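Colleague: Assemble the whole structure, with the sequences as input and the hints as a guide.
Respectively, the protein sequence lines represent chains S and G. Numbering-wise (the numbering used here), the first sequence opens with residue 503 and increments by one. Numbering-wise (the numbering used here), the second sequence opens with residue 503 and increments by one.
Hints were generated in silico from the structure; no laboratory data involved. Values in this document were obtained by computation on a predicted structure and should not be read as measured data. Please note that a few of the clues may not be correct.
Which copy is meant is left open, because identical chains are indistinguishable; a pair holds if it fits in one copy or across any two.
[To be verified] Each computed DMTMM-like pair below joins lysine to aspartate or glutamate, with the alpha-carbon atoms no more than 25 Å apart:
hint, residue 1, residue 2
1, K533, E632
2, K590, E632
3, K533, D769
4, K558, E719
5, K512, D812
6, K512, E616
7, K508, E616
8, K858, E632
9, K508, E733
10, K558, D509
11, K558, E616
12, K590, D603
13, K847, E537
14, K590, D769
15, K858, E586
16, K512, E586
17, K558, D793
Here are the chains, one letter per residue:
2 protein chains.
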Amino acid sequence: MPVTIKDIAKRAEVSHSTVSRALHGSSLIAKNTVERIRQTARELGYLPSAAARSLKTNRSQALGVIVSSVEDPFFGEILQGIEEVAQKNSYSLFMAASQHDPQREQAIVQAMSEHRVDGVIICSASFKAEQRRQFLAYGVPIVVVNNQAAEDYRYSIYHDDVDGSRQITRHLLDLGHRRIAYLGNSSSGRTTLDRLNGFQQEMGAAGLAVPPEYIHEASGGGPEEGLAGLEYFLALSYPPSALVCFNDMMAIGVLKGLQQAGIQVPDEFSVTGFDNIVFSAFTNPPLTTFDQPKRFIGAEAARLVLELLDAQPSRDTLEPNASSGNRDYPAGTGTTTQPRVRMLKGRLLVRETTAKPAPSPRKP
Amino acid sequence: MPVTIKDIAKRAEVSHSTVSRALHGSSLIAKNTVERIRQTARELGYLPSAAARSLKTNRSQALGVIVSSVEDPFFGEILQGIEEVAQKNSYSLFMAASQHDPQREQAIVQAMSEHRVDGVIICSASFKAEQRRQFLAYGVPIVVVNNQAAEDYRYSIYHDDVDGSRQITRHLLDLGHRRIAYLGNSSSGRTTLDRLNGFQQEMGAAGLAVPPEYIHEASGGGPEEGLAGLEYFLALSYPPSALVCFNDMMAIGVLKGLQQAGIQVPDEFSVTGFDNIVFSAFTNPPLTTFDQPKRFIGAEAARLVLELLDAQPSRDTLEPNASSGNRDYPAGTGTTTQPRVRMLKGRLLVRETTAKPAPSPRKP
DNA sequence: ATAAGTGATGCACACGTGTGCATTAGTACC
DNA sequence: GGTACTAATGCACACGTGTGCATCACTTAT
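Modeller: Written out as structure tokens, the structure is:
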């Protein structure tokens, strides 16, 4: 049975209120009393009960992090950033993986609501409006990261995928490529649209038309889908000379496929990834990709939630009928009402899977 | 301000105790009263407060997971297994990364203790005895995964690294290799020793002496260290024909180094990894490795903690002076006292980085 | 010497939930 | 019709912490 402030109070021969105040450094308590109490607290190995404090203060000192899959190394790095900031501000993290399963999502939202997390960071692309509302009903601030429906949320951090994709495409154009294709991941919603968008914008700016068969959306974002996607493109009667992949994982699958097909990279075929996951530097050859500042994105997301918490004085000052309107927060919270969206830019990382196109394509 | 059982009580015109019992399905309450109360609870969108319940029951319905680095894809997969089991049993997860930093470790232990997690799973190889004692003082069950000092803990799940390493080595021996070296990661403690051990056992069983310079321990487990390690071995006057790497990440670095050096894999040089992380199937060539059932390991760890929780009736039945002796749990907890160590076996995964040695080595 | 202040501490209640015990109403038995 | 029992519900306290208010001792000014 853990030590409580009452135990300390008994030992130090004061009331438990005095102990509570002393441990918080209240100026009401005499200096030496404070020191004496702190000393006995140390001796007894006292650790406050988060539950009790949370009950009283309506603050759990915990954030929820919802991710679609823990296995994905991409989320791992974002998590790292979140974790760092949270830990520095002495917040703990509740972590859960939705696995794209609505039922799990529901369970997660419920569990986190019961634990009264002070805020939530959602890194899952497919997060339903339904669950979101449940959080909002509790007045829990939500920050989304790279969400497909970022504009539905008031607070979000995301990466400028359009810009990144444009840079990637421009790089290929600069090398001299003209027949460039895009391999997407339809299950990632908005993200793939942004990247496709950037691709098309840049192709358009270069005065090049993209034939519809040069745009292919796979149903997932793993190496397998990359491999399958490559096969699709190679089977075309007029295959591309360069392929812009939705992400690094798919690009890795593509590289594997090219190797199996005996096609030299980058001399005969150029490939680009996106995200710059750790392994992209160690593919063979090393992958040209776009470096998303993942850790920074995570950190920024965490900072934003914490900022919202500071602004929002306490949960119980909100009026109970918060379900009015479609706004994320009930009116009356004052200055914090304006939405905040932060868009971060990454940088192009030219490695060795891109080069000028082969001098003699099969067709002129 | 969230809905409480008192709100429900008022609406349903009963006392809050009745509500509490009804929601728990107590047989004391009349069937139709239960239904009526459940209905109003649903209407009001009631969610119990984990804090309040935790305060009363001494159960937080949360587990702590301490990992050394979130970025490491290896831990990602273990986490997945843990998460699955936890979610299925409606436990939430507190997650934190120690980053091999003792100070952070201390902060994590404290935070988790304050939140009164019901149990802890430690996936960090380097976890100090100091912090462990703090958990034990609170009677928090600990399960360690692949820890360097597994025998210090009563409950642990680990993978049979010795066996795995033997299988890997035997595979190389069967292919005809004689000059086989081992590249370790000294910062992983026990794990690298086990793997080295298996390597040496199998070499010994084959009647082969391993020259001391064929054993090299790097100071980390990433691709960079792999690359550096390879350089060390290649600089030897009598380099090996095959290299057993501590893990896949290092092997990937080694592959890169070999490619840079223009050495053909597997024709001129064989390489093996360990762990079977997702990317090992997509290296060029695909990596021969040892498949650790990571997800299963995580799941087993979670199951073990939960089992311990079932056995351990409640925290407050323990006598307060739990600091007697060096045992993990004070005597008197009855049947749960015997330690539980579960060792899981993986399987060899032969891919394409291993082949019979080149017919004409530089020296006969 | 009394009033007015100030500094330090304790009392008592609250947060939301769970539970032993008392209370009430209804039923069956003699 | 009184007793003994069961079924259903309420009362009141507890968990550990935080805090407004009252209390007390002691100093200072009048």
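Colleague: Each hint needs a verdict: does it hold in this structure or not?
Modeller: Hints and how they fare:
Taking the closest pair of Cα atoms, K533 and E632 never come within 25 Å of each other, the shortest separation being 52 Å inside a single copy and 31 Å across copies. For a Cα distance limit of 25 Å, the shortest separation of K590 from E632 across copies, 22 Å, qualifies, whereas the shortest one inside one copy, 32 Å, does not. For the homomeric pair K533 and D769, neither the shortest alpha-carbon distance inside one copy (75 Å) nor that between copies (76 Å) is at most 25 Å. In this assembly of identical chains, K558 and E719 lie within 25 Å of each other by CA distance neither inside one copy nor across copies; the values are 51 Å within and 53 Å between.
Within a single copy, K512 and D812 get their C-alpha atoms no closer than 35 Å, and across copies no closer than 33 Å, so neither meets the 25 Å cut-off. For a Cα distance limit of 25 Å, the shortest separation of K512 from E616 across copies, 21 Å, qualifies, whereas the shortest one inside one copy, 34 Å, does not. Proximity of K508 to E616 under the C-alpha cut-off of 25 Å is restricted to the inter-copy arrangement: shortest distance 16 Å between copies versus 27 Å within a copy. With identical chains, the CA atoms of K858 and E632 are never at most 25 Å apart, being 48 Å at best within one copy and 58 Å at best between copies.
With identical chains, the CA atoms of K508 and E733 are never at most 25 Å apart, being 70 Å at best within one copy and 63 Å at best between copies. Taking identical chains as interchangeable, the C-alpha atoms of K558 and D509 lie at most 25 Å apart whether they share a chain (19 Å) or sit on different chains (18 Å). Both within a single protomer and between protomers do K558 and E616 lie at most 25 Å apart by alpha-carbon distance, with minima of 15 Å and 15 Å respectively. Taking the shortest Cα distances, K590 and D603 sit within 25 Å of each other only across copies (13 Å), while inside one copy they are farther apart (32 Å).
In this assembly of identical chains, K847 and E537 lie within 25 Å of each other by CA distance neither inside one copy nor across copies; the values are 50 Å within and 54 Å between. Taking identical chains as interchangeable, the C-alpha atoms of K590 and D769 are never at most 25 Å apart, the minima being 48 Å within one chain and 50 Å between chains. Taking the shortest alpha-carbon separations for K858 and E586, neither the intra-copy value of 41 Å nor the inter-copy value of 47 Å comes in at or below 25 Å. With identical chains, the CA atoms of K512 and E586 are never at most 25 Å apart, being 38 Å at best within one copy and 44 Å at best between copies.
With identical chains, the CA atoms of K558 and D793 are never at most 25 Å apart, being 44 Å at best within one copy and 49 Å at best between copies.
The structure does not agree with the numbered hints 1, 3, 4, 5, 8, 9, 13, 14, 15, 16 and 17 stated previously, though it agrees with the rest.
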